[in-house]
Amino acid sequence: MVSTPGLPAETNEGSSPALEVRGLTKNYSVGRIGRKKVVRALSEVSLSVEKGEVLSLVGESGSGKTTFARAVAFLERPTEGEIFVGGRALPRRPSRHRLRDHRRQVQMIFQDPYSSLDPLHSVHYSVARPLRSFGLVPRHAEREAVVELLDQVDLVPAEDFLFRYPYELSGGQRQRVGIARALAAQPSLILADEPTSMLDVSIRLTMMNLLLDLQRSRSLSLVFITHDLGAAYYMSDRIAIMYAGRIQEIGPASEVMGEPKHPYTQLLRRAAPSPENERQQGTQFEARGDPPDLTELPPGCPFAPRCPFVKSRCRETLPELRQVGAAHRVRCVLYD
Amino acid sequence: MNWRALRHNRRAVAGALIFALFCLVALLAPVIVPYSPSDINFTPLLHPSASHLLGTTENGEDILSQLIWGARASLFVGLVSGVLISLVQLVLGVFAGYVGGGFDMMAVAVTNVFLVLPSIPLLIILAAYLQGGGLVMLIAVITITGWAWGAKVLRSQAVALRERPFVQAARVSGESRSHIVFAHVVPNMLGIMVSNFFGAALYAILAEAGLEFIGLGNINDITWGTMLYWAQQGSAILLGAWVWLLAPGFCVALLGTSLGLLNFAVDEIANPRLRRD
Amino acid sequence: MPPLLEISDLTIGYGWQLPPSVVAVRGVSLTVAGGEIVGIAGESGCGKTTLALAAGGLLDPPGRVLSGSVSYQGTDLASLSAEELRQLHLTEISMVFQASMNVLNPIMRIRDQFHDAMAAHGVHWSEEAREQAEETFDLVKIPRRFFDAYPHQLSGGMRQRAVIALAIVLRPKLLFLDEPTTALDVVVQRSILQSLDELRHELGFGIVFITHDLSLLVEIADRIAIMYAGAVVEEASARALYDKPCHPYTSALMNCFPPLGGPHQRLEGIPGQPPDLRNPPTGCSFAPRCPEMIAGTCETVDPPTVRRGADHRVVCHLYGERAADHG
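Chains as they are written, first to last, in this note's numbering: chain A, 1 to 336; chain B, 337 to 613; chain C, 614 to 940.
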């Protein structure tokens, strides 16, 4: 699905994508007066997510993936760029009413189950809040709606969990409450920011399966943010690789993982622990340099200092995202 | 807030009992006072005796009656100032810290100005300028000089809470700003806010007594501070009228201590790391 | 020649009174030879960190060893005085904890922290000492110019390497690493692991590598012990464990790491939760969650330890005599 600049993407059914962003940029200003620096956390990111699709956003810390989620959820005001949800543009300075509308459509699941629930409020309270603030359910039906939601995230028997407090729940249970809370708003898009990275390994799969089941049954669009390549491959239809605040590669999961084109994707692939890699003593893993300093990005490709295939052109101009497959694009001089 | 811990904490219990005692005395003052506190018909400078348990002043007033009556003023000034200061801190500290942006910048600027001004000289200057105003004037002056430090502390706490995931989740859940402040931010910093309140009340009581002692209050009011003023004017030390001088001072100190004890306890309860299990 | 580290039937509990309220480690036995990497895998609450602390002589009350022993090069650690134990640290046994990039004192330069550590063990700060310290930077691949810097001037990955450098500066023979790379990016993690592997080949120390990431251990460890609810349930060479996992928990755990490619298959995690160690269950602690539980046996009878080939042992009824009864 190629999106034409200036127009929302059109699918065959003629409906708009669940989410579309164009040129999304977020800069932060840090430092004291006289010594201010600009952190370019997100630079000109454009992508779209179809209805019912799962897109994984993969990157290491500092890649901009969390900033992306926060910008789309409007927890931070983007410096530049446009956001379209279901084809509707979100104004640069939305009114309170418009913002509430946006929030109802776009929900978020947070990374740390130990701090994403208010410790002073019960499970019922946390899950019921969206119902109340978006006026989705009359007061007398609230409890029933919460029970229904807890059921859907497998916190059963739901009545037992209604009035428990977060400190009485395990990490996995807390995260389920977080999912129930996100679902309560009946959103069309969920941004899941590393929802399993702080959970025990044996629970991660259960949580990922839960998200997939819920996503399928409700035709939700899901943006799954992670640094874990295996999880990304498991969860998603498409994968986008981010580095230094930009998308470096994006395409169907099997293509991006099976035949990674961008040197950074290849590096990630080789670095990921994989039992199949066991005893590959021959392959020396060379990872030169450190992740980029977002306040002093060099001109040209941000990965150039660490790239084994670097050419002089790489340091001069930033390559564009180029088509290398039907739905697969890469930002690299090698494919210009 | 952990109520059970409150009961078991000896300092809290001690502080609460003393404070409750003063409150009781202040409330029942018209009933329990042996004589009218402003009655000047008694023999002056009597030593403590059966009819005048704490003796009399140079003007012929019963000290015990004055002491009992003085509790009302101190508690009134202490509690009202405490509440007013807390309100200002709520707006210019907690709310500003959470909301950020222009309002916060303005609040920080104002807070910094008041922090830089030395409070005691300012207190004295303001009281002198508004001389003879009595308790209400004192409350105003105390509030103006006493809010800044706590506001700074509360603001930092609010800023830290603003970044916590559960607060951001509340925003994503569509909750309004004021709801988030009162349902999520304030409850999670309640310990420090209550502690600030006690600190403010303590400051108020001491400031009131101090200002009245140097004659900047309404010297015709009957408060512990004015008792000290008159005792000083009447050269109580030279005349050996110890009780007249020490009794009001002791009461100020005791009431202040009870607030301090309550403050310690709140600290321990709100900050689990300070608890002595 | 006694093994570098020998843990014999170690049981550790937490609690201020006896009997302790929680038994965190039950009857664990493990040996580590010089130059070997032994991995301990398990999830939160399995006791792996407690085990490491005790084995490194760092267990403080309310934790205490209830029975069993830990011997370093034949010497029982319990027989050493506090001072003797202190002297062992850093010179013979070193530990690196999770997220220990925060262990560095933020207001001291790194070289001063090395100075402190070395001086505490009687190494006078001279040109040679400084050279020895800077050499460790080469070994962990940090540019030497950072030696005089403050910790905040290094990235997270570099700080973690610096902590590892500090742990090996006095050339210990045994190194404990508790989740050393969990807080780091996958690329940095890979780099550090490679450095560690090279180091142990060069310097010949033994490594105990504790992590929840079993797929990582299969790649780098020589032998792996799987812990669950305080006990070792399976131990084998990494190759044998990967090719033929015996214990149902091991196989289930291995399936918890979705592959990086191949056909999209639905995997299942392990339902349920680890047991509450304050009320330990009877029989096998994994029974409630085990897909191959033998009814009537697993929940009541403690599972036996069975040898499955040289160097491969598993604690499970499936391989004991009772398995034969149930076909």
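Hints were generated in silico from the structure; no laboratory data involved. C-beta atoms are modelled at their ideal positions from N, C-alpha and C, and glycine is treated no differently. One or more of the hints may lead you astray.
Claimed, not checked - Derived lysine to aspartate or glutamate pairs resembling DMTMM-like cross-links, with alpha carbons at most 25 Å apart:
#1 Lys36(A) - Asp440(B)
#2 Lys754(C) - Asp290(A)
#3 Lys311(A) - Glu259(A)
#4 Lys37(A) - Glu499(B)
#5 Lys786(C) - Asp729(C)
#6 Lys51(A) - Glu194(A)
#7 Lys857(C) - Asp924(C)
#8 Lys754(C) - Asp293(A)
#9 Lys754(C) - Glu296(A)
#10 Lys37(A) - Glu60(A)
#11 Lys36(A) - Glu499(B)
#12 Lys786(C) - Asp622(C)
#13 Lys37(A) - Asp440(B)
#14 Lys311(A) - Asp290(A)
#15 Lys754(C) - Glu259(A)
#16 Lys786(C) - Asp689(C)
#17 Lys786(C) - Glu649(C)
Unchecked claim - For each label pair, taking beta carbons as the anchor points, the in silico distance ranges come out as:
#18 Ser217(A) - Asn715(C): 36 to 44 Å
#19 His877(C) - Leu423(B): 54 to 62 Å
#20 Arg891(C) - Ser217(A): 36 to 44 Å
#21 Ser680(C) - Ser217(A): 19 to 27 Å
#22 Ser197(A) - Val472(B): 57 to 65 Å
#23 Val472(B) - His97(A): 54 to 62 Å
Practice problem: Check each numbered hint against the structure and report the violated ones by number, ascending. | Solution: 15, 21 and 23
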